[in-house]
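Chemist: The end of the sequence shown is residue 92 by this note's numbering, with every number in the run present.
It should be emphasised that the hints constitute simulated quantities derived from the structure, not laboratory data.
Predicted model, so just to flag it, every value in this text is computed and none were measured.
It is possible that some hints are incorrect.
[Said to hold, decoys possible] Pair by pair, the computed Cβ-Cβ distance ranges are:
| hint | residue 1 | residue 2 | range |
| --- | --- | --- | --- |
| 1 | 85 | 65 | 24 to 32 angstroms |
| 2 | 48 | 2 | 31 to 39 angstroms |
| 3 | 41 | 21 | 17 to 25 angstroms |
Beta carbons: idealized from backbone N, C-alpha and C, even for Gly.
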Amino acid sequence: MKLRAVLFSGLAGIHALASWIGAGGGTLGPAIAATIYGPLFLLDALGLPVFGNGPSGGGWAGPSELGWACVLLLWGAFWWGVATLLARACRR
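Taking the hints into account, I'd like the entire structure generated from these sequences.
Modeler: Here it is as structure tokens:
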């Protein structure tokens, strides 16, 4: 397996694990919410329907299917780029 794929799997896995652990609130809760809602607020300002109907827990509207897809694509692309840069740095 290429180094880039290993790095991507590790970075994305750590992000997913932190999201799963931080979903219950606590210390990581606000940071995890920011990684989801931050990009969604920007996409919502552009007019994309990234929020579902009505507020869910806490009074915030949950992401729609398009919203979840956008969040996953954004963070996937981000971690793929970081893994690419780290793999290039390791080759030198």
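Chemist: Hint by hint, note whether the structure agrees.
Modeler: Status of each hint after checking the structure:
The hinted range of 24 to 32 angstroms is satisfied by residue 85 and residue 65, whose Cβ atoms lie roughly 31 angstroms apart. A hinted range of 31 to 39 angstroms for the beta carbons of residue 48 and residue 2 is consistent with their spacing of about 33 angstroms. Here the CB-CB span from residue 41 to residue 21 is close to 24 angstroms, well matched to the stated 17 to 25 angstroms.
Going through the hint list in order, the structure satisfies each hint without exception.
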